[in-house]
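Asker: Residue strings, one per chain:
There are 2 protein chains.
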Amino acid sequence: MSRAPLIDGLQYANWSEGIFRQMRQGGLDAVHVTITYHETFRETVLNIERWNRWFERFPELILHGRSAADIRLAQETGRTAIFFGAQNPSCIEDDIGLVQILHTLGLRFMQLSYNNQSLLASGCYEAEDTGLTRMGRQVVAEMNRVGLVVDMSHSGDRSTLEAIEHSGRPIAITHANAKSWHPALRNKPDAVLRALGQSGGMLGVSTYPHHLRDGSACTLQDFCDMIARTADITGPQNIGIGSDLCQDQPDSIVEWMRVGRWTKGMDYGEGSAEAPGFPAPVTWHSDNRDLAGFAEGLRKAGLSQPEIDGVMGGNWARFYAESFGPLDARTPIRRAAE
Amino acid sequence: MSRAPLIDGLQYANWSEGIFRQMRQGGLDAVHVTITYHETFRETVLNIERWNRWFERFPELILHGRSAADIRLAQETGRTAIFFGAQNPSCIEDDIGLVQILHTLGLRFMQLSYNNQSLLASGCYEAEDTGLTRMGRQVVAEMNRVGLVVDMSHSGDRSTLEAIEHSGRPIAITHANAKSWHPALRNKPDAVLRALGQSGGMLGVSTYPHHLRDGSACTLQDFCDMIARTADITGPQNIGIGSDLCQDQPDSIVEWMRVGRWTKGMDYGEGSAEAPGFPAPVTWHSDNRDLAGFAEGLRKAGLSQPEIDGVMGGNWARFYAESFGPLDARTPIRRAAE
Numbered sequence: 001m002s003r004a005p006l007i008d009g010l011q012y013a014n015w016s017e018g019i020f021r022q023m024r025q026g027g028l029d030a031v032h033v034t035i036t037y038h039e040t041f042r043e044t045v046l047n048i049e050r051w052n053r054w055f056e057r058f059p060e061l062i063l064h065g066r067s068a069a070d071i072r073l074a075q076e077t078g079r080t081a082i083f084f085g086a087q088n089p090s091c092i093e094d095d096i097g098l099v100q101i102l103h104t105l106g107l108r109f110m111q112l113s114y115n116n117q118s119l120l121a122s123g124c125y126e127a128e129d130t131g132l133t134r135m136g137r138q139v140v141a142e143m144n145r146v147g148l149v150v151d152m153s154h155s156g157d158r159s160t161l162e163a164i165e166h167s168g169r170p171i172a173i174t175h176a177n178a179k180s181w182h183p184a185l186r187n188k189p190d191a192v193l194r195a196l197g198q199s200g201g202m203l204g205v206s207t208y209p210h211h212l213r214d215g216s217a218c219t220l221q222d223f224c225d226m227i228a229r230t231a232d233i234t235g236p237q238n239i240g241i242g243s244d245l246c247q248d249q250p251d252s253i254v255e256w257m258r259v260g261r262w263t264k265g266m267d268y269g270e271g272s273a274e275a276p277g278f279p280a281p282v283t284w285h286s287d288n289r290d291l292a293g294f295a296e297g298l299r300k301a302g303l304s305q306p307e308i309d310g311v312m313g314g315n316w317a318r319f320y321a322e323s324f325g326p327l328d329a330r331t332p333i334r335r336a337a338e
Numbered sequence: 001m002s003r004a005p006l007i008d009g010l011q012y013a014n015w016s017e018g019i020f021r022q023m024r025q026g027g028l029d030a031v032h033v034t035i036t037y038h039e040t041f042r043e044t045v046l047n048i049e050r051w052n053r054w055f056e057r058f059p060e061l062i063l064h065g066r067s068a069a070d071i072r073l074a075q076e077t078g079r080t081a082i083f084f085g086a087q088n089p090s091c092i093e094d095d096i097g098l099v100q101i102l103h104t105l106g107l108r109f110m111q112l113s114y115n116n117q118s119l120l121a122s123g124c125y126e127a128e129d130t131g132l133t134r135m136g137r138q139v140v141a142e143m144n145r146v147g148l149v150v151d152m153s154h155s156g157d158r159s160t161l162e163a164i165e166h167s168g169r170p171i172a173i174t175h176a177n178a179k180s181w182h183p184a185l186r187n188k189p190d191a192v193l194r195a196l197g198q199s200g201g202m203l204g205v206s207t208y209p210h211h212l213r214d215g216s217a218c219t220l221q222d223f224c225d226m227i228a229r230t231a232d233i234t235g236p237q238n239i240g241i242g243s244d245l246c247q248d249q250p251d252s253i254v255e256w257m258r259v260g261r262w263t264k265g266m267d268y269g270e271g272s273a274e275a276p277g278f279p280a281p282v283t284w285h286s287d288n289r290d291l292a293g294f295a296e297g298l299r300k301a302g303l304s305q306p307e308i309d310g311v312m313g314g315n316w317a318r319f320y321a322e323s324f325g326p327l328d329a330r331t332p333i334r335r336a337a338e
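These protein sequence lines are chains S and F, in that order. Heads up: the first sequence at position 76 corresponds to 76 in the working numbering, and the numbers run straight through without jumps. Heads up: the second sequence at position 192 corresponds to 192 in the working numbering, and the numbers run straight through without jumps.
The set of hints was computed from the structure by calculation and includes no laboratory data. Please read these numbers as outputs of a predicted model, since none were measured by experiment. Treat the hints with caution; some may be incorrect.
From chain S, some residues computed to sit far from chain F (all C-beta separations above 12 Å) [what the hints assert, rightly or not]: (1) N14; (2) G18; (3) F41; (4) L73; (5) G97; (6) Q100; (7) N116; (8) Y125; (9) G131; (10) D251; (11) D267; (12) A273; (13) A275.
Short, incomplete list of chain S residues facing chain F, as computed with Cβ under 10 Å [unchecked claim]: (14) R42; (15) V45; (16) L46; (17) I48; (18) R50; (19) D94; (20) I96; (21) T104; (22) G106.
C-beta: ideal position from N, C-alpha, C; glycine also.
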């Protein structure tokens, strides 16, 4: 790459031309975007169709990212590469064949569960985490084969550790922070972060206020200091940004994320009855023009320039290059799939 | 290409390892296979999943063809390239966005109608052919844009002529013969064949007995003589094989082709109550090992060696190369889409 890339490992904004222009103003080379939560396969395809329209309408701003080479293409042509991800496996329904279908349509990340038990794994809000299911093990092997990254951001810790162990390729936790820094249910304990890093996996650190110490009042420097301490656990090559930026979204969207169609009641997730909506964003990350400013905070936190370049995007770029292609049959996978 | 390719422009067999091995024994470099008739989008995706399993199980025999370069790859690696097609537009339902989705999943041909009126065009069995519908014109332009070939094999003549006129890229009639030779409802009059050839489109000639003079008793030489006379109308560069081989299929399949879910009654299509099933195949084309033998019949019919090479596959290879990629925005299309 001509310069270190700037990559955000997870966003779910209310996409618009304005946001795409802010991506360009902020110098964002690539971003992993959530395209589906609780949607069925057909509904997920409708969401892909919507992205296809955006790619057709704004070819000077964005392009559909399928491989790490598209990050370089985005840099060379002054655009942002958009990589698709699913926050829940409802998009594959009960059909393992949809793993390859969705990968062909561009999906590059899929969470095995979202807060609740899924067909594949337990979510972090379940009272008991029973680990990977029978189908979960089969689907992880299929995801390994085609090049669809296992994402465990909203899964339980046992399920996450079993995914790290069972997966033949490194996995990701695209958006979460260290639980030792802020004990949110969605943040991850050191044991998970250590196993993730040792296996070559990636952590994306989140600026979503519920994941931050002091919430919306968290400072950029406190956040960057947390990154530096977390890098000591994961290794500095295994950490990037995964901001979970939910820009311009109405509160109906956070309700859809939490409730989907799985209950007729209400679930407040990380919020509460008193504060059911999206939390106010931190002042230092309200849109994509703020992202490049994180580098200075990382410098003050003691990271070296190569480490800063890695956290700001180089580590994701390397991980994308290793993860999105089909498993080469001539190269043994890291661990044999069971 | 190292040698002229051997290509069949339409088959719908009851696919099996045995048939794939016969393709190799017959030296078939590429084939356009029907993957869907009256199926919905989701059902069509299930059919693609089944093909994905075959590609995974038999990588030494077949590969998924996406561009004309895959014909060369198939030749160089001793395999058959499989190109997907739909005989009816039910797979896009009422959603123009599914045109690009299905092209991304590998679809390269789609008929605008199958015997009956569709959302896009009239079928050849309707009493009145009203030509392209409003949606039909939009979908043809979208197919032009992404590189999905318009196929009018089962459409009415007016619809076919309007598709030729409206399409910004050449279209195909992948499996039909000259009506002047055998006056079947599915065969095409000279006016259609002439307009097709003049626009750079392709006719695939069919060995399905209902399309043949004398039916199952038709001789290879009579068939090849028809090709030679039809080439005088379309031009010898605009004709290839499109056998409509339905090998190893049970009669329940021909009923599905004809009846789908559009009637609770029975429709015999080209058959009859007395002969409702598949007709007996011609003796000179019962499987893919027979195909190469057509060349000798074409030679006796008076075709030159370059013309024979074209009909046996070269013409389809050129058409595939021109048709399957996205429309280059820098190159004006042949006719402006309305």
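Asker: Take the shortest C-beta to C-beta distance between S:I96 and chain F; is it under 10 Å?
Answerer: It holds, given that the least Cβ distance between S:I96 and chain F is near 9 Å, below 10 Å.
Asker: According to the definition I'm using, a residue is off the interface if its beta carbon is farther than 12 Å from all beta carbons of the partner; does S:L73 meet that for chain F?
Answerer: holds, 16 Å
Asker: For S:D267, is the shortest CB-to-CB distance to chain F above 12 Å, so the non-interface label stands?
Answerer: holds, 29 Å
Asker: If you take the shortest Cβ to Cβ gap from S:I48 to chain F, is it below 10 Å?
Answerer: With a closest approach of 7 Å, the S:I48 hint holds.
Asker: Check the non-interface label on S:D251: least C-beta distance to chain F beyond 12 Å or not.
Answerer: Nearest chain F Cβ is 28 Å from S:D251, so the label holds.
Asker: Are all C-beta atoms of chain F more than 12 Å from that of S:A273?
Answerer: holds, 39 Å
Asker: Decide, holds or violated, for the assertion that all CB atoms of chain F are farther than 12 Å from the CB of S:G131.
Answerer: holds, 27 Å
Asker: Is the nearest Cβ of chain F still more than 12 Å from the Cβ of S:G18?
Answerer: holds, 23 Å
Asker: Hint validation: S:L46 versus chain F, beta carbon distance must be below 10 Å. Holds or violated?
Answerer: Status holds, d = 7 Å.
Asker: Beyond 12 Å from every Cβ of chain F: is that where the Cβ of S:G97 lies?
Answerer: Violated, because the least Cβ-Cβ distance between S:G97 and chain F comes to about 3 Å, which does not exceed 12 Å.
Asker: Does S:V45 pass the interface check with chain F, least Cβ-Cβ distance below 10 Å?
Answerer: This hint holds: S:V45 lies near chain F, its Cβ roughly 6 Å from the closest one there, short of 10 Å.
Asker: Does the no-contact call for S:N116 survive, Cβ to all of chain F over 12 Å?
Answerer: Holds, because the least Cβ-Cβ distance between S:N116 and chain F comes to about 24 Å, which exceeds 12 Å.
In summary, the structure is inconsistent with hints 3, 5, 6 and 19 from the numbered list given earlier, while agreeing with the others.
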